[in-house]
Amino acid sequence: MPREEISSDWYKDIIIYEIPIKSFRDSNGDGIGDFPGLTGKLDYLKNLGVTALWLLPFTDSPLKDDGYDIRDYYNIYPSYGTMDDFLHFLEETHKRGMRVITELVLNHTSNTHPWFVSARSSRDSPFRDYYVWSDTPDRYKETRVIFSDTEKSNWTWEPKTRQFYWHRFFHHQPDLNFDNPQVQEELLKVVKFWFQLGVDGLRCDAVPYLYEREGTNCENLTETHLFMKRLRAEVDLEFPGRMLLAEANQTPQDVLPYFGNGDEFHMAYHFPLMPRLFIAIAEGDRRSIVDILEKTPPIPESCQWAIFLRNHDELTLEMVSDLERDYLWTIYAQDPRMRLNIGIRRRLAPLMQNDRRKVDLMYSLLLTFPGTPILYYGDEIGMGDNVHLGDRNGVRTPMQWSFDRNGGFSRANPSDLFTPPIQNALYGYQVVNVENQIDFPTSPLNVLRQMIQIRQSSRLFGRGKMKLLTPKNTHVFAYLRESEEDVVLVLNNLSDRTESVVLDLSRFRGYVPIELFSGKSFPRILRAHFHFTISPYGYFWLRLLLPEGEAGRRRIRAARKTAPTSSPPFRELLEREAPG
Amino acid sequence: MAGDREHNEMEDQPIRRTLDLRERSEETFEKFVEDGGEAVFPLEPTLPEERPILSRIARVMENGRRRIQLAVSLFLTSPGIPVLYYGDEIGMGDHPHLLGRNPIRTPMQWSSDRNAGFSKVDPEELYNPVIDDPLYSYTMVNVESQERFSDSHLWHLRRMIEVRNRQGALASRGKFGLVESEHPSVFAFTRRSAGEVCLLVHNLSKDSVCGNLHLSSFAGLVPQELFGEVLFPRIKKYPYLVTMTPYSFIWFKLLQISP
Chain G
1 MPREEISSDW YKDIIIYEIP IKSFRDSNGD GIGDFPGLTG KLDYLKNLGV
51 TALWLLPFTD SPLKDDGYDI RDYYNIYPSY GTMDDFLHFL EETHKRGMRV
101 ITELVLNHTS NTHPWFVSAR SSRDSPFRDY YVWSDTPDRY KETRVIFSDT
151 EKSNWTWEPK TRQFYWHRFF HHQPDLNFDN PQVQEELLKV VKFWFQLGVD
201 GLRCDAVPYL YEREGTNCEN LTETHLFMKR LRAEVDLEFP GRMLLAEANQ
251 TPQDVLPYFG NGDEFHMAYH FPLMPRLFIA IAEGDRRSIV DILEKTPPIP
301 ESCQWAIFLR NHDELTLEMV SDLERDYLWT IYAQDPRMRL NIGIRRRLAP
351 LMQNDRRKVD LMYSLLLTFP GTPILYYGDE IGMGDNVHLG DRNGVRTPMQ
401 WSFDRNGGFS RANPSDLFTP PIQNALYGYQ VVNVENQIDF PTSPLNVLRQ
451 MIQIRQSSRL FGRGKMKLLT PKNTHVFAYL RESEEDVVLV LNNLSDRTES
501 VVLDLSRFRG YVPIELFSGK SFPRILRAHF HFTISPYGYF WLRLLLPEGE
551 AGRRRIRAAR KTAPTSSPPF RELLEREAPG
Chain E
1001 MAGDREHNEM EDQPIRRTLD LRERSEETFE KFVEDGGEAV FPLEPTLPEE
1051 RPILSRIARV MENGRRRIQL AVSLFLTSPG IPVLYYGDEI GMGDHPHLLG
1101 RNPIRTPMQW SSDRNAGFSK VDPEELYNPV IDDPLYSYTM VNVESQERFS
1151 DSHLWHLRRM IEVRNRQGAL ASRGKFGLVE SEHPSVFAFT RRSAGEVCLL
1201 VHNLSKDSVC GNLHLSSFAG LVPQELFGEV LFPRIKKYPY LVTMTPYSFI
1251 WFKLLQISP
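Here the protein sequences come in this chain order: G and E. Mind the numbering: the first sequence is residues 1 to 580 in the working numbering, read in order. Mind the numbering: the second sequence is residues 1001 to 1259 in the working numbering, read in order.
Don't read these hints as lab results, they were simulated from the structure. Wrong hints could be hidden among the right ones.
[What the hints assert, rightly or not] Far from chain E, some chain G residues (derived; all Cβ distances over 12 Å): (1) Gln253; (2) Asp355; (3) Lys358; (4) Val432; (5) Asp504; (6) Glu515; (7) Lys520; (8) Pro523; (9) Ser535; (10) Phe540.
[Unchecked claim] So the derived label-pair ranges between C-beta atoms look like this: (11) G:Phe193 <-> E:Trp1110: 56 to 64 Å; (12) G:Pro62 <-> E:Arg1114: 52 to 60 Å; (13) E:Glu1229 <-> G:Leu389: 37 to 45 Å.
Glycine included, C-beta positions come from ideal geometry on N, C-alpha and C.
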C-alpha cells in the first residue's frame, strides 16, 4: 500500500473486523481455520466494507488461552499455516486497501515458553529473572484476581525451585518481569519484528498489568507508562505511521493516561461504553449512555477511542456499578451458565433476543458514535453462541458461510472440527449463514453493509465532534455529529414502542435534512422545533444542509449520491478460494 | 389509488366482504402490471407462461421482514374480514416447480424435525414435498422456532390481531376515510365506528420519509399509539408531521383528552 499517500492518523477512519484465524475458514480440511482460508475470504470482507482486520493471536502456543499464552513470539502456530502463508495474506490484504492489526502480548508468556521452562528449572537460570518470583504469596495483596472463576490467587507455587511465581491471568501464564531490562529489550525486538514484516498496527494485550509495586493494586503504574512511551518513541522513529492500540479495561479516567500527551498509545478501547449500550437498550432509555459519555474526558488530538459491541471475550462488566451488573445479569444472562468471571459470554444476536430491530439499532449506535468501530466476526450475520463449550469458546465457533457441511467452514469430518459449529434452531448454520444473507436485500449482512458504506463516505463519523441533544423524551437518543463543514443528525429510538420526540433545531433553521440511506430530502427545517415520530428501535441518519446558492445545491446533489447501493455484487465471491 | 367516489361508497355501505392477504389460489396481480406498465412485483420470468404469481406473501415481499409486516398491517386495518392463509403467519415460502397451484400448498412447517413436523411418513410419501430452499427452509421457518423469540412473524401477528380486535373501529364495519399525506409513499387512512376513531399510517417505501397528514377535522384530539400506548402531540389545524422509517406503520387511536 502506498503509505505516504495516506494520513498518519489513518486509524481514525477505519472500520476494524476482528478475526480468530482458527474459526474463520479452513482451507486444507484439517478442521482448523488457517491463513490460506482467510486470504480466500478477503473479497468478502472488502465487500462488507471493513477496512482493517484485527487478528487474534496466531503465533505458536499450547492454546490454553487461545493463543494469548505465547510459546514463540516469532513463528506461526503450525495449524494456521506457515510464515509464507501469513506474508501472502498480508500482501493480499494490503492490495485491497485494508490494514492488518495483530496482537502483542506483553504481560505474560505461556508456561511452555522456553524462557519460563528454563526459569522454573533452576534459581540460577539466566531466564529466572524474566519472571516475578516470591517466597511468600503475601506480596502485592491489594491486587485483584481477574479470572475469578478459575484462579484463587495471583501467585502459584513452583515446587522444583520452591518459590511462587506471579500471574495476573491463568496460572499457566506467568507474568514477565518488566523491571528486567532484558525483558524490555526482548519485547521491543518482537514489536520491531512484526512491524518490519509490514503489519500496520499492534493491539497491545493486558497493558495495565506490566509492573508490580507493593502497596498498589499493581495496575496503571507510572513505570508501565514509561515503558510504553519508550516503545512508542522507538516505533515512531523506525516505523512512522504504525499504530498502537491499548487493551486497558479501566474507567475512561484511568485509560486517559495511556494516551499520554499523544506520545503513548494511538488508540484505546472504550470499555465502559459497551455495557451501557446494553443497559440503554434494555431500559429503553438513553440516560446510562449519556452518563458515560459525559464522564468520558477529551483525549489528545491525535488519539482515538476504539468502540465495540461484542468481542472474543465475555461481555465484561468490570466497569459498571454493582447495581448495573445485577441488572445486566438479570436481563442478559438469566441462565447462570452464561456468566463468566465478571461478565456474560454471549454474542450480539442472542443478547438482543434475536430481535432484528435491536441488532440493527445497536449497529446504528456503534457506527455513528465518535471513535473507530470494531466488528466481531459472525456478528454481521447474527451468529449465536454455545454456552456448553466452556470458557469463552462459545463465542469463537466456526464462521457460518453456507448451509453446507460444517457451515461451509471446513470440508473435514464434523468430528474433526476444533469445535462444532452452532446448530440450534434459531442461530444454526442451516439458518444463519453468509450465503443466505447475500441473497436478500434486507438481511442483517446487507443492512450492516449499507450502514458501513454510509459511514465510510465521510470522515465525519470517525473524526467529528458529538453534541448530545436533550429532548424531554428520554426513550429517544439524538445527537449531532459535527465537523467544520458537515453535520449529521442521528436519532435512535431505544424503546420497543413508537415514540414521538420534539427536537430543538433552532440552530439549523432553513436547513434541509437529507436522509442518508435513501439520499432523499425531508421537509426543510422552518420552525425551531422539529417533531419526529420513530418506530420501535428505529433510527434516522440525517445530514443537515443549507441549500442556499449554487454551493448549497451542489452539496445536496452530492449528499444524495452517498446513498448506499442496494444490490450487493458479492455473490460470486463466495465460491472463490485463495488466489494464486 | 382508486378515486374518491369509491371510498365514499365504502363508507356508505356496510362491509361484508372478506379480505385475503394470500388466498389458496393464485394471486392476480396481472391487472396492476398492465395498468402501471412496469411490474411492481417480481414476476418470475422462469415460469412457463405469463401467468399470475404463484407465490406466497413472504416471497412476494422478497423475504423482507418489515415489508411482510407492513403488508399484514395493511391487511388487518383495511375494511373487511381478514382471512389468513395457513403458513403465512410464519412467512412460509413456496415451491415454484410443483405443478398447478401446488407451489403454495406445501405441508405446514411446525418444527425443524423430519418433514417439518407435519408427518412421520418417509419424505417420498408426502403429497407435496416440504420447502427446503435455503431462505425459506423448514429448518428455519417453522412454528417452534418462531415461538422462541418475540420479534418473529408469528408473535408480531399475534400482537397485531390482539390490538386489532380491541378496536371496534378496526372491525369489518368501521368506516374508511382516506387522509391526505402530501407524500405518495405515506398511505394514511382513518377507520371510524360509534365514536371511536383510528388513524392508520403506513410508509409504503423502502426509504425513510415524512408525511404531512391533513387532520384538521380531528383538531383537538390526541393520538395514542396502539401497541405502546404512547400519547402523541395533540392534533392542530395545520398538517400533522410524521417521520416514518422504511416500511413502518403506526396505528393510532384518536382520544378526547382535555388539555
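Comparing the hints with the structure gives:
no. : hint                               : verdict
1   : Gln253                             : holds, 37 Å
2   : Asp355                             : violated, 4 Å
3   : Lys358                             : violated, 8 Å
4   : Val432                             : violated, 8 Å
5   : Asp504                             : holds, 15 Å
6   : Glu515                             : violated, 5 Å
7   : Lys520                             : violated, 6 Å
8   : Pro523                             : violated, 5 Å
9   : Ser535                             : violated, 4 Å
10  : Phe540                             : violated, 6 Å
11  : G:Phe193 <-> E:Trp1110: 56 to 64 Å : holds, 58 Å
12  : G:Pro62 <-> E:Arg1114: 52 to 60 Å  : violated, 43 Å
13  : E:Glu1229 <-> G:Leu389: 37 to 45 Å : holds, 42 Å
This entry does not satisfy hints 2, 3, 4, 6, 7, 8, 9, 10 and 12, going by the numbered hints stated previously.
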